[in-house]
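K.L.:
What follows is the residue order along each chain.
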Amino acid sequence: MTPAEVKPRLETVFRDIFEDPSLVIHDTTTADDIEAWDSLTHIDLIVEVERTFGIKLSTGEVRGLKNVGDFIALIARKAP
Amino acid sequence: MNPNKVIDLDYRRLVRAGKKLALEPGAPSVRLALLSDAATQQFVPVLKALFAEHGVAAECYEGAFDALELEVLDAGSGLHAFQPDVVVLLCATQALRARYYARGCEGELERLTRLWDALVARGVGRIIQANFALPFDRPFGQYDLKGAPSLYASVQKLNAALATAAAQRASVLICDLESVASYVGRRHWFDERLWDLSKTFCNLEHLPRAAQAIADLVLASLGRVVKCVVLDLDNTLWGGVVGDAGATGVEIGAHGDGEAFHRFQHFLLALKNRGILLAVCSKNELANALAPFEQHPDMVLRREDITVFVANWENKADNLRTIRDTLEIGFDSLVFLDDNPFERNLVRTYLPEVIVPELPDDPADWVRALTELDLFETTSFSSEDLARAALYKQEADRREARAAFTDVSEYLRSLDMRIGIEPFRRERLARISQLFLRSNQFNLTTQRHSEAQCAALMDDPDVIALTASLEDRFGDHGLISIVVARPDGHVLKVSDWLMSCRVLGRGVEQYLMNRLFALARERGLAAVEGEYRPTSKNGLVKEFWSGFGFASEDGRHYRLETSRYQKRDTFIREIAGPALEVSP
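So the sequence lines, in the order shown, correspond to chains A and B.
Residue numbers for the first sequence follow our numbering, beginning at 21 and rising by one.
Residue numbers for the second sequence follow our numbering, beginning at 56 and rising by one.
For the record, the hints were derived by calculation from the structure and aren't laboratory data.
Ideal placement from N, C-alpha and C gives every residue a C-beta, glycine not left out.
There may be inaccurate statements among the hints.
[Unchecked claim] Anything over 10 Å on all C-beta distances counts as not near chain A; from chain B, calculated:
(1) Arg-71
(2) Ala-94
(3) Tyr-238
(4) Thr-255
(5) Glu-260
(6) Ala-366
[To be verified] Chain B side only, calculated, beta carbon under 10 Å to chain A, not exhaustive:
(7) Ile-62
(8) Tyr-66
(9) Lys-74
(10) Gln-97
(11) Ser-237
(12) Arg-242
(13) Asp-246
(14) Glu-247
(15) Asp-251
(16) Leu-252
(17) Ser-253
(18) Asn-258
(19) Leu-259
Start from the sequences and build out the full structure, keeping to the hints where you can.
P.N.:
Dropping the structure here:
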């Protein structure tokens with residue numbers, strides 16, 4: 021899957037998890053930019069991404085994420 | 056409120072629902088504290104959402120992470136400031152694993168029982184201990200079961216020891232989280248990444264099942280229990296239509312086409328033997344409906360297992376009303392099982408409180424489907440449960456006898472009623488607490504005292520805590536009424552008064568009121584004061600106090616001077632001790 025394909029679908033997941041239908045994500049977006057993004061919703065986010073894209077992320081991959089750009093790249097690499 | 060109790064256990068849905076809880080004012084509430092060595096931030100919203108869907112407002116306290124001792128043993132902790140009704144101890148297998156590899160499982164049982172006992176000592180009435188999901192690591196392989204020193208074998212032993220220790224303590228219930236995990240399947244239940252990342256104890260999608268297991272026990276503690284299962288007959292209790300196939304032509308038997316129904320009837324019989332009443336509600340000629348019970352050699356259920364038998368061509372909602380009125384229990388304690396979707400929907404439409412589970416098309420799946428719904432939780436099991444079906448059967452016989460009398464007093468005199476009144480006794484605490492939990496209609500203040508709280512009432516020398524048992528010429532009713540009062544200055548204050556509706560209209564409450572005023576007079580007390588706390592179910596006793604001449608200014612607090620009470624006539628005579636000796 022290409023990063024361009026991943027981004028809109030990931031945005032839908034973000035809007036669902038953080039319950040904000042107008043939320044827009046950028047490569048530079050981090051947890052600091054989204055108020056509801058804490059350690060708890062982070063787990064919800066990971067599990068929902070796995071379900072949506074049909075992939076499985078390792079603990080190391082999850083820990084290595086620095087921003088949304090990393091996330092998109094990771095999903096693009098793993099998603100069929 | 057989900058009337059059919061069939062709640063969609065989707066994790067994301069429940070998390071969303073947990074954020075905007077809407078409960079009707081006056082909904083029953085519970086104060087629940089959760090102590091865990093796992094992270095519970097995701098768990099608590101799910102738990103609250105589930106309670107809300109059962110119509111209960113749950114106030115939750117989340118103990119500090121992995122600080123069970125600090126919360127329980129420190130009198131100044133947030134836990135004790137919260138004053139919980141229920142404390143849930145949820146200990147993760149993953150946390151146990153870490154301790155096991157450091158120093159084995161020695162002391163784990165003692166650690167938890169010490170916490171339980173400390174909670175009881177601080178007045179917590181209900182403790183729910185989750186047991187441990189069996190881990191998947193098996194360094195010994197299947198040799199584990201030969202007593203190898205492994206985590207797997209240690210968890211098995213610990214779970215068994217927790218169950219034994221809980222059985223010795225009335226306040227402690229075990230939440231069988233291991234059975235939830237094994238039903239889901241261990242490889243789906245555990246997600247080690249979530250543990251490593253955030254100390255979440257199971258896969259998020261299964262959190263609702265864990266929460267449901269806890270909620271079921273709390274709801275049962277609040278008296279939300281199923282008391283009667285109402286059954287259709289044709290293609291529900293047996294295969295085929297008895298009106299067409301004839302009494303011995305229906306499919307029921309240990310082999311072949313009838314096997315699924317045979318298994319289903321065994322499950323129902325086990326429920327009956329546990330104290331849940333069975334009733335029949337069938338569209339049939341009565342003689343046809345009865346015939347297989349009397350003539351088919353392979354029927355598991357027999358006529359005497361069915362407390363109320365209704366077979367006619369009326370609509371089933373009306374027939375359920377008849378069954379409810381005969382048994383004098385709430386609609387929300389009835390489960391209706393019928394293979395016909397039309398009948399299920401009719402009952403749901405007209406009697407939304409009745410629990411109406413969907414039944415899969417294949418009867419082979421029914422026992423599993425019902426088991427998944429966890430409809431039959433209980434917090435206690437006493438000898439009264441075993442005798443319940445017989446008690447209700449006697450009541451049906453009494454009704455028949457009453458029909459033969461035109462004058463009520465003549466009928467009451469003919470019953471030859473004998474009452475036994477005595478203080479709370481230790482061997483009866485299980486039944487006493489059960490009556491506190493189960494009585495909804497004739498219950499003046501609806502205080503749900505746990506067994507431990509009943510023991511405290513029994514041991515308090517200032518409290519007058521009485522039970523009444525009744526028997527008559529048709530048989531024993533057992534322990535049917537409880538009154539708790541306490542002298543306060545010159546007044547006798549009644550805090551609890553409840554009675555089983557089975558004995559309504561017999562004069563038991565009049566007899567007890569006579570006794571209460573006699574007691575007040577003996578002690579030189581000037582008045583008796585009582586209270587009525589309205590609930591959605593106790594409208595029956597709204598006029599209870601005023602009916603005895605008590606005066607009230609607010610409709611809640613009532614008072615009558617001892618000198619002004621007029622003794623009531625009854626047809627009951629008192630015998631020493633309990634009317635029914637229940638073996639412990």
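K.L.:
If you take the shortest Cβ to Cβ gap from Gln-97/B to chain A, is it below 10 Å?
P.N.:
6 Å, holds
K.L.:
Does the nearest C-beta of chain A fall within a distance shorter than 10 Å of the C-beta of Leu-259/B?
P.N.:
Since the shortest Cβ distance to chain A is 5 Å, the answer is holds.
K.L.:
Holds or violated: is the Cβ of Ala-366/B farther than 10 Å from all Cβ atoms of chain A?
P.N.:
50 Å, holds
K.L.:
Quick check on Leu-252/B please, does its C-beta sit within 10 Å of some C-beta on chain A?
P.N.:
6 Å, holds
K.L.:
Going by Cβ atoms, does Tyr-238/B stay more than 10 Å from chain A at every point?
P.N.:
About 21 Å separates Tyr-238/B from the closest Cβ of chain A, which puts it past 10 Å; holds.
K.L.:
Against chain A, with CB atoms and a cut of 10 Å, does the hint on Arg-242/B hold up?
P.N.:
13 Å, violated
K.L.:
Verify that the Cβ of Glu-260/B lies farther than 10 Å from every Cβ atom of chain A, and report whether the claim holds or is violated.
P.N.:
It is violated; Glu-260/B is separated from chain A by about 8 Å at its closest Cβ, not greater than 10 Å.
K.L.:
Next item in the hint list is Asp-251/B. Is there a CB on chain A closer than 10 Å to its CB?
P.N.:
Holds, because the Cβ-Cβ distance from Asp-251/B to chain A comes to roughly 5 Å (cut-off 10 Å).
K.L.:
Would you settle whether the hint for Glu-247/B is holds or violated, based on the nearest Cβ-Cβ distance to chain A being less than 10 Å?
P.N.:
Holds, about 8 Å.
K.L.:
Holds or violated: is the Cβ of Lys-74/B closer than 10 Å to a Cβ in chain A?
P.N.:
8 Å, holds
K.L.:
Against chain A, does Arg-71/B keep a CB gap of more than 10 Å to every residue?
P.N.:
7 Å, violated
K.L.:
Hint check: is the beta carbon of Ser-253/B less than 10 Å from a beta carbon of chain A?
P.N.:
5 Å, holds
In this structure, the hints that do not hold are numbers 1, 2, 4, 5, 7, 11, 12, in rising order.
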